[in-house]
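S.K.: Using the hints, build the complex out of the two chains.
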Amino acid sequence: MHSETIIQVNGLTKRFGDFTAVNEITFKVDKGEIFGFLGANGAGKTTAIKMLIGLSKPTKGSGKVAGFDIEKQAEHVKKNIGYMSQKFSLYDDLTPKENIRFYGGIYGLSRNEIKTKTKEILEELDLKSVANKTVVSLPLGWKQRLAFAISMVHDPDIVFLDEPTGGVDPKVRREFWETIYQASEKGRTVFVTTHYMDEAEYCDRVSIMVAGKIEALDTPNNLKQQFNATSMDEVFLKLAR
Amino acid sequence: MKILGFIIQKEFIQIIRNRALLPMMTLLPIIQLIILSNAASNEVKNVNLVIVEKDYSESSRLLIRKINANDRISIVKTTFNSKDAFDHLQANKADIVLEIPSDFEKDYRRGEQPKLQMLVNAINGQQSTVGSGYLKNIISSFNLELIEEVAPLTSGSQLTISSRNWYNPEINYPHFMAPGILAELTALLTIVLSAMNVVREREIGTIEQINVTPIKKWQFIVGKLVPFLCIGMVLLTVGLIASKLIFDIPIRGNIGLIFFYAIFNLIAVLGLGLLISNFADTQQQAIFVAFFFVIIFVLMCGLFTPIDSMPKWAQKLTIPNPLAHFISVSRKVLMKGSGFWDIRWEFIYTIILAVVFNTLAIWSYRKRI
Numbered sequence: 051m052h053s054e055t056i057i058q059v060n061g062l063t064k065r066f067g068d069f070t071a072v073n074e075i076t077f078k079v080d081k082g083e084i085f086g087f088l089g090a091n092g093a094g095k096t097t098a099i100k101m102l103i104g105l106s107k108p109t110k111g112s113g114k115v116a117g118f119d120i121e122k123q124a125e126h127v128k129k130n131i132g133y134m135s136q137k138f139s140l141y142d143d144l145t146p147k148e149n150i151r152f153y154g155g156i157y158g159l160s161r162n163e164i165k166t167k168t169k170e171i172l173e174e175l176d177l178k179s180v181a182n183k184t185v186v187s188l189p190l191g192w193k194q195r196l197a198f199a200i201s202m203v204h205d206p207d208i209v210f211l212d213e214p215t216g217g218v219d220p221k222v223r224r225e226f227w228e229t230i231y232q233a234s235e236k237g238r239t240v241f242v243t244t245h246y247m248d249e250a251e252y253c254d255r256v257s258i259m260v261a262g263k264i265e266a267l268d269t270p271n272n273l274k275q276q277f278n279a280t281s282m283d284e285v286f287l288k289l290a291r
Numbered sequence: 068m069k070i071l072g073f074i075i076q077k078e079f080i081q082i083i084r085n086r087a088l089l090p091m092m093t094l095l096p097i098i099q100l101i102i103l104s105n106a107a108s109n110e111v112k113n114v115n116l117v118i119v120e121k122d123y124s125e126s127s128r129l130l131i132r133k134i135n136a137n138d139r140i141s142i143v144k145t146t147f148n149s150k151d152a153f154d155h156l157q158a159n160k161a162d163i164v165l166e167i168p169s170d171f172e173k174d175y176r177r178g179e180q181p182k183l184q185m186l187v188n189a190i191n192g193q194q195s196t197v198g199s200g201y202l203k204n205i206i207s208s209f210n211l212e213l214i215e216e217v218a219p220l221t222s223g224s225q226l227t228i229s230s231r232n233w234y235n236p237e238i239n240y241p242h243f244m245a246p247g248i249l250a251e252l253t254a255l256l257t258i259v260l261s262a263m264n265v266v267r268e269r270e271i272g273t274i275e276q277i278n279v280t281p282i283k284k285w286q287f288i289v290g291k292l293v294p295f296l297c298i299g300m301v302l303l304t305v306g307l308i309a310s311k312l313i314f315d316i317p318i319r320g321n322i323g324l325i326f327f328y329a330i331f332n333l334i335a336v337l338g339l340g341l342l343i344s345n346f347a348d349t350q351q352q353a354i355f356v357a358f359f360f361v362i363i364f365v366l367m368c369g370l371f372t373p374i375d376s377m378p379k380w381a382q383k384l385t386i387p388n389p390l391a392h393f394i395s396v397s398r399k400v401l402m403k404g405s406g407f408w409d410i411r412w413e414f415i416y417t418i419i420l421a422v423v424f425n426t427l428a429i430w431s432y433r434k435r436i
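These protein sequence lines map, in sequence, to chains A and B. Using the working numbering, read the first sequence as starting at 51 and increasing by one per residue. Using the working numbering, read the second sequence as starting at 68 and increasing by one per residue.
Bound-form chain B, shown alone (with noise of 0.2 Å):
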């Protein structure tokens, strides 16, 4: 115990020594959290839309203007070509055409079932299915309104949905994406760290020094570790203090919990960053090795894609992901208030994940060639 105190206070003056360090720990996650929060946003702000109108008559004017007044739609052009409308979409200067058919009023008059026809330019699949449903959604409302105003009889007993969103109800987007990202930060930071040290001591030779001494490997692995679980703490503070005040999230349950899963889970990660640091030779191929590992989990980790939209085997490889985890952990009590039960499936897979890197990098440290 007393020899992992001399190294545990070795690293820390190291780690205070470096002055890079202390700008990464405290600005870094600022920056980001508010870069990452507003901009990494998948929310459909602009949808560019050109009407093919062949009608012109009372209802399609009706229609249009109904459109027109949504503020997240824009209208780039009205024609009655075409031609020219795909034109425009070829040129990425429209994400839909509707066409608006001759005869549209005259048909719907006569309870012909006009067809209003849109082509979607599906590049983009987030901004396609979003924007087509923006306007799904106008065209049914301005469907409703001309069915009362045509049968107002028959319209007596009609099926309405309300939904109301919980948890968070103006759908604030950084509020989403806030947790989420500090979460990330917060292990990505630790595990390059961790990955770095090792190979450090390695380019430096003084791992060889340590190693004709009779410290224990498991000494080292934890001695190692110690300092950098607390800058990942700091690293968290820093961010849920940066949140609170920048975007105002919410904190709706109990912040010690995060803290205490936060434990566990950075130890996980830097048990892998120590492992990748066993296995490299120099600090530019751990950080190499790193990377794949963190382009992996960030992809993977249901930060930018949801988790539940991803085919049923990349469900599975999440679980492995300690950054999953953690995100999934900072959103429920974050924005659910959720309680140590509602999580203690995340606590069970990063505990078991800790346990194995950490077994892994304590077994792979070798003293001896």
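Extracted from the complex, chain A is given alone in its bound form (with noise of 0.2 Å):
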């Protein structure tokens, strides 16, 4: 079904002086999937990712991202992806307005397309009224969704998250949830860590992380069948143990 691979990983391995963060981790995200990337506390996740989107040196292996080696091409790879931390990468002392002028600025965008990406997300996400507002008056859940779609202003094809929905309610966990199945259904890529095993369920594949390695790897359903388990939940806990 999915042809087209854009992630490959192979033997990914980041050490810290004696410790061992990431232990030769090798995956595959075909195009188009959301793919769940799932690991208790410390297990690794986020070194992972920060080595997949060039933030972080791999100490061995290798990884190609939207077709650039993430070791030597590393700024290419930025250019094509989008990447939303569990920080808040949002200034808390600008506008929505300024903080998407911004960071579409600094992609390279256009004056033009700026404005025409302002008008969209601002009506997408419903905050008009709240356009002029400083960022650090808006809800939790607006900030996360205004995030979101600010780590897509310039349409990349693969969407790094990095445990978006931290510390918000259920409801608007369904609602950031929705976005990310739009932002899937446009052909984006979302690679997305979590810890919510609810949340695994809505993946289209999804890779388990303990002590730097990843465990399991399958969609939910077959992991469910191999694991004689009835939920994510329950994976997750014979894995973890």
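Treat the hints loosely; a few may be bogus.
[Claimed, not checked] DSSO-like cross-link-like pairs, simulated, lysine-lysine; straight-line CA separation at most 27 Å:
#1 A/Lys169 x A/Lys236
#2 A/Lys107 x B/Lys121
#3 B/Lys283 x A/Lys137
#4 B/Lys69 x A/Lys169
#5 B/Lys283 x B/Lys434
#6 A/Lys129 x B/Lys69
#7 A/Lys122 x B/Lys284
#8 B/Lys434 x A/Lys122
#9 A/Lys78 x A/Lys114
#10 B/Lys283 x A/Lys147
#11 B/Lys434 x A/Lys114
#12 B/Lys121 x A/Lys114
#13 A/Lys263 x A/Lys236
#14 B/Lys69 x B/Lys121
[As the list claims (entries may be wrong)] In silico contact screen, one side only, chain A against chain B (beta carbon under 8 Å); selected entries:
#15 Lys107
#16 Lys110
#17 Gly111
#18 Gln123
#19 Glu125
#20 Lys128
#21 Tyr141
#22 Tyr157
Keep in mind the hints are simulated off the structure, nothing from the lab. Where is the CB? At the ideal position from N, CA and C, for every residue including glycine.
M.R.: The following block contains the structure:
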């Protein structure tokens, strides 16, 4: 069904001194997939994601993201990906409009493109009423959706989300996942890390990291069968133990 | 270039929205200028003197009257008891003890060169050297008068030295301090602001987001530098206007030359600030490191102690101190009316510093760990 590989990783490893944070992980993600990247706290998810997006140099192994080598062509990779981190990437003292303009600007969009993008995002997220208020006054859920929209301001092929739904209530989380689906429907690949196992069920395929290694990788249904479990929660607990 | 514009625009919006920054840029320099220019003075205005009078003669009384007439010396006590005078010195009530020996007049009349003794409390070097200088002046002029009186005929050929103070005729202290403090303030405020800036983005986490964009390292650094350069220039302008209005400092040279030089100086200082920022993980760290440099820069910039009186190695150390060059330039141009050629070395050193600091800042900014 899926043909084009957009992320390919071979034996990717990151060591900090004696500690191996990511231990020879190998996997593939196809274009258009929603790929869930699961693992307990400290399992190495964030380190792995940082290597993929060019923020961290791999100690060993290789990888290609959007057709570019993550080691040698990190800056090319950056042009073709979006990233939203656990920490908020928006400037609190700027308005939504100014945030969009700034990030659009440094991705090299023209003033006109920025104008249309701004309109699009504000309309889609229903943020018009607060377009000129500073971000600090927005509710967390709005900020997250705005951050997500801004991470895609330059229409990247892939968007990496590092625990995007931390700290919000189930309703807001549900809404956020709807926006993820919308992005996916447009043909965008979504690479998402999460703690919430119900969110894992929403993904096309899921990998589970334990102590720096990928211990399982398949569709949620196959994983449940494989581990003889009724929910992803159970699968996770069986693996993490 | 276009990308740079977006960064600068964003920095400016943030600076303008920052409520703490505007008073910092306007009120702070004016307050500091007023306080420091007047208070941070090396001038010795009052020397406390105890006189041990053992002669009680016409001459000794004349000398005391002469000393008393000087408004910078106040005679705290006149006593005949040396012990009493030493107690005053010990208790810090006197800076200098002057002892007039008995037979002072008698010996003088006999032409035997009587000896006056001066005991100086040298804990405060400035106070003691300048104070004893005042006193020596009074005594030598007293001496001259006595000579004329005793031997009017022999004093036909006297060598006299007359001196005039150029560039600051009245030795007006604020005139000397204000241009220096102005330079100091401009440089210091900008170094602290820039040192905190990049770290702040690191603390909030926005820097990570910037690092996943294809932005170039130099764009990021230059984008940070330009807004602070503008702040620095505003500060300098505010400070210059304030010094002109409050102290009526002389502006003898071309004021444009100061602004032109200030651009390079600020670029150098900001480069250092950004360099510090790159290496710090928290704003606290950045502030501490910035203060380390600030203190060395201030103490060794020639503002409070003349560079010429430092040991040779310390004089060499002022070469990489952008503040020293800034102060030198502002004093030379404002007070002496120096032109470009007179301050060429300051220009050369500053440009070298600007290139070195900024190259290091760009080089040490890591998009990838």
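S.K.: Evaluate each hint against the coordinates.
M.R.: Right, here's what the structure says about each hint:
1. A/Lys169 x A/Lys236: Roughly 18 Å between the alpha carbons, so the hint for A/Lys169 and A/Lys236 holds.
2. A/Lys107 x B/Lys121: Status violated; Cα separation ~86 Å.
3. B/Lys283 x A/Lys137: holds (23 Å)
4. B/Lys69 x A/Lys169: Holds, at roughly 21 Å.
5. B/Lys283 x B/Lys434: Holds, at about 9 Å.
6. A/Lys129 x B/Lys69: holds (16 Å)
7. A/Lys122 x B/Lys284: OK: A/Lys122 and B/Lys284 at ~17 Å, within 27 Å.
8. B/Lys434 x A/Lys122: holds (14 Å)
9. A/Lys78 x A/Lys114: holds (10 Å)
10. B/Lys283 x A/Lys147: Satisfied, since the Cα-Cα distance of roughly 23 Å is no more than 27 Å.
11. B/Lys434 x A/Lys114: The given pair, whose Cα atoms are some 19 Å apart, holds under the 27 Å limit.
12. B/Lys121 x A/Lys114: Status violated; Cα separation ~99 Å.
13. A/Lys263 x A/Lys236: violated (31 Å)
14. B/Lys69 x B/Lys121: Measuring from Cα to Cα gives roughly 85 Å; hence the hint is violated.
15. Lys107: holds (6 Å)
16. Lys110: The hint is violated - A/Lys110 has no Cβ within 8 Å of chain B, the shortest such distance being about 16 Å.
17. Gly111: violated (16 Å)
18. Gln123: The hint is violated - A/Gln123 has no Cβ within 8 Å of chain B, the shortest such distance being about 11 Å.
19. Glu125: holds (5 Å)
20. Lys128: Holds. Min distance 5 Å.
21. Tyr141: holds (6 Å)
22. Tyr157: holds (6 Å)
Checked against the numbered hints listed earlier, the structure breaks hints 2, 12, 13, 14, 16, 17, 18; every other hint is satisfied.
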